[in-house]
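Asks: Spelled out from the first residue to the last, the chains are:
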Amino acid sequence: QKEVEQNSGPLSVPEGAIASLNCTYSDRVSQSFFWYRQYSGKSPELIMSIYSNGDKEDGRFTAQLNKASQYVSLLIRDSQPSDSATYLCAVMGNEKLTFGTGTRLTIIP
Amino acid sequence: NAGVTQTPKFQVLKTGQSMTLQCAQDMNHNSMYWYRQDPGMGLRLIYYSASEGTTDKGEVPNGYNVSRLNKREFSLRLESAAPSQTSVYFCASSPNNEKLFFGSGTQLSVL
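Chains as they are written, first to last, in my numbering: chain B, 1 to 109; chain L, 110 to 220.
Calculated from the structure, these hints are not laboratory results.
Hints are not guaranteed to be accurate.
[Claimed, not checked] Heads up, simulated PhoX-like pairs for lysine-lysine below, C-alpha to C-alpha not over 25 angstroms straight-line:
1. K42(B) x K118(L)
2. K96(B) x K180(L)
3. K56(B) x K118(L)
4. K67(B) x K208(L)
5. K96(B) x K123(L)
6. K208(L) x K123(L)
7. K166(L) x K208(L)
8. K42(B) x K67(B)
9. K180(L) x K208(L)
Values in this document were obtained by computation on a predicted structure and should not be read as measured data.
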């Protein structure tokens with residue numbers, strides 16, 4: 001079992017709709033959770049971090065964490081074509097940051 | 110503000126050749142990292158340095174060596190390149206071992 005799992009996609013969402021990206025992790029002692037966005041041919045950039053159960057909102061982005069289910073998600077409201085990218089989930093546990101393989105998101109105008 | 114600077118951006122090597130990827134950051138971060146990114150494999154940690162003078166192996170260290178020359182610079186060396194090392198390499202730095210700032214990447218092809 002991979003330590004951090006994501007559906008590779010591609011996930012296609014109409015412009016203006018909500019995009020939902022999911023991630024599961026295997027290490028129960030994980031404490032910190034991150035979402036990075038990576039445009040094609042570019043480097044990853046951090047867009048969200050979450051440390052406790054529940055929701056964390058930042059503009060059009062909401063990160064959700066459920067430690068009991070070992071599940072973290074990213075919701076993007078009012079999706080825009082500029083949101084088309086690969087989204088990487090990253091989990092910090094035992095001082096090690098582990099990345100998922102990423103979900104490719106395409107917003108359809 | 111340059112952030113994390115990697116050189117070169119592209120490189121083609123023949124099997125058995127050696128090369129060094131350079132990385133420098135100007136954000137006064139203690140931690141620096143080298144990752145490789147392959148299709149379907151995500152980002153995999155090669156080596157990291159928690160502070161000047163220290164380096165540790167990551168998930169895929171075989172075939173690589175690193176040097177933390179000073180707080181700013183962290184280089185990655187391939188002593189004898191192999192086709193399996195064809196990849197995109199990212200250097201990153203972090204102030205707290207959590208939020209990573211990435212360089213623009215090096216696309217390496219080994220023929």
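Asks: Take the hints in turn and mark each one as holding or not.
Replies: Hint by hint, here is what the structure shows:
no. : hint              : in the structure
1   : K42(B) x K118(L)  : holds (11 angstroms)
2   : K96(B) x K180(L)  : holds (21 angstroms)
3   : K56(B) x K118(L)  : violated (36 angstroms)
4   : K67(B) x K208(L)  : holds (20 angstroms)
5   : K96(B) x K123(L)  : violated (33 angstroms)
6   : K208(L) x K123(L) : violated (35 angstroms)
7   : K166(L) x K208(L) : holds (20 angstroms)
8   : K42(B) x K67(B)   : violated (31 angstroms)
9   : K180(L) x K208(L) : holds (18 angstroms)
Violated hints, listed in ascending order, are 3, 5, 6 and 8; each of the other numbered hints is respected by the structure.
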